[in-house]
Amino acid sequence: MNFGSNFTALDWAIVAVYLAGTAVVGVLASRYVTNMADYVVAGRSLKSYLGVASMIGTEFGLVSVATAAQLGFTGGLSALHLGILGLVVTLAVGLSGVVLVPLRRAGVMTIPEFYERRFSRGVRVFGAAVMVLAGVTNIAVFVPVSARFLAGLTGLTDPLHVNLFMTGLVVLVFAYTALGGMVSVIIADYLQCVFMSAALLLVCGIAVYTLGWGNITSTMTAVHGEAGVNPLHEAGFGPTYLVWMAVVAFASCALWQTTVIRACSAEDERTVKRVITGSAVAFMGRQTIPILLGVCALAYVAGNPQMRAYFLPGGGKPDSETALMALPAMLANMLPAGLIGLVAAGMIAAFLSTQDSYMLCWSAVFVQDVVAPCTAEPLSTAARLRLSRLFLLVEAVITVVFGLWYPLSQRVWDYMAITGAVYFVGAASVLVLGIYWRRASTVGAYLAIATGFGAFLGLDPVQRLLGIKVPAEQLGLSLIGLSFVAMFGGSLLFPDKRDARRPAADRSAAT
Amino acid sequence: MNGWLTFWTWALLIGLSFFAVVVITVTIGGLRDIRDMLRSLKAGGNDPGFDPIVAARDEDTPGSG
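Going line by line, the protein sequences match chains A and B.
Under the working numbering, the first sequence has 168 at position 168, and the numbering climbs by one with no breaks.
Under the working numbering, the second sequence has 32 at position 32, and the numbering climbs by one with no breaks.
No lab work stands behind these hints: they were computed from the structure.
The model shown is predicted, which means the values in this text are computed figures rather than measured ones.
Don't take each hint at face value.
Under 7 Å between C-beta atoms, here's a sample of chain A residues computed to sit facing chain B [unchecked claim]:
| # | residue |
| --- | --- |
| 1 | Val194 |
| 2 | Thr258 |
| 3 | Thr288 |
Partial chain A-side listing against chain B, Cβ under 7 Å, derived [to be verified]:
| # | residue |
| --- | --- |
| 4 | Tyr32 |
| 5 | Lys47 |
| 6 | Tyr49 |
| 7 | Ala53 |
| 8 | Tyr190 |
| 9 | Leu191 |
| 10 | Val281 |
The beta-carbon is built from N, C-alpha and C at its ideal position, and this holds for glycine as well.
Looking at chain A on its own, in the form it has when it is part of the complex (with noise of 0.2 Å):
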């Protein structure tokens, strides 16, 4: 369904300089990188303002403002909680430095390569395998829900025209991401972030003061009832559903590798709390700028007798997977020309800063943490980025494909917490208790990470294809505590015998 869009050549023009500035700075950030340490964490030479701009540009993705509007526009107000919950675990990491800093400390690029100082390489391997899977199928939707978006923005109705412009957004992530490396991500994040930031804090205005505070709440209400700004009330989110965000949140911020790499990425470990701390405006802003635009798209869409038509059917609760087009339909339509280029510009920036940084990570790992241990001999730098930069290659081709057939049947945000948390649900139990706990061992950690499969289960299609019907956030929390117990299971019960023997290099992370 398309209900049209003011975007002119003037926007297109916008966008192509925005494209082309981009593409200037990979080649440009190419000359500084000359081995892998460059090319993995800059040098390690990232500091504090640079830090949180280069998270707010990863974590603040068109996904994010795509999925986050979605949950605004069939949730409610009461979907703030999520920015909330951001900002408050986010600020708790950042102050104490818990699992960061240590890692920081331990001198590793990724968190596998503590899995092998702290384990062995075989939970290295194992590790870095599960998490590449759920990274990959993590990103995997990130192609086809930006796609959504950017047609809705633009107007853009021929499929194929969608799907040459997406995949042209991709080769240019790749080229960029493959030629300059952490640099001309990091350097790409800022602009990104500027721009980005500055584009949707002025579209929230604009929606906020064209239909009125009183207006979009009052829709809202009329829409959700209690649910819509009670984020406890059954009919809603629920508390059970608060907890798995809290968790999720915890993981953001402390597990997931594209933040450890920030935070592996800082000159010295008062940088990490201190880009951490900083960065929990970054996991609050976007969560709460991008739900605040999907109510004001619920009201706008409530206003207008076609889209009310087509995205509230019979008066009714909102569909999630029509719910990802209100937004940009809003956008599209309540934008003037030349700032609605501005804006698309700022989203495909939005797109292009996460699906960067997430290429760039998975790739890392898969390298680094996957084949470079397997190898008889030790890579050199030039094998390791030549097969880095194929690895991106085939990440690209992997989302492009694996977007066009995916259902995107279940809302979006909630995909993105299930296959994140194939990886994070062992990683929590891992790192936490093999940075705090000196009996952690090498068979609890493979047990731990293994139980992170069952969050496949979560995923929509497989839910159908198996006849059941378990809530995400259910099974979430339930693999989190099973993750715990088969970590303390499986170290109580098969201690390392090198425990004793080989405190030094694991200590250092685990002081």
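Dock chain B against chain A, hints included.
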């Protein structure tokens, strides 16, 4: 319900203002950090000539897994 509405209204006002202040701060400070990062990379990073991944691989005890 009105209590929740008032709460979310203030949470949004404070949150968005805070976000705007942080973005302005990192926009200005980030420019300086980019310059420092590029200088550091040109000079060979924090530890010139040291590639921690290759070094860690070389130092490892084989066959522990």
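So, going through the hints one by one against the coordinates:
no.: 1; hint: Val194; in the structure: holds (5 Å)
no.: 2; hint: Thr258; in the structure: violated (18 Å)
no.: 3; hint: Thr288; in the structure: holds (5 Å)
no.: 4; hint: Tyr32; in the structure: holds (4 Å)
no.: 5; hint: Lys47; in the structure: holds (4 Å)
no.: 6; hint: Tyr49; in the structure: holds (3 Å)
no.: 7; hint: Ala53; in the structure: holds (4 Å)
no.: 8; hint: Tyr190; in the structure: holds (5 Å)
no.: 9; hint: Leu191; in the structure: violated (10 Å)
no.: 10; hint: Val281; in the structure: holds (4 Å)
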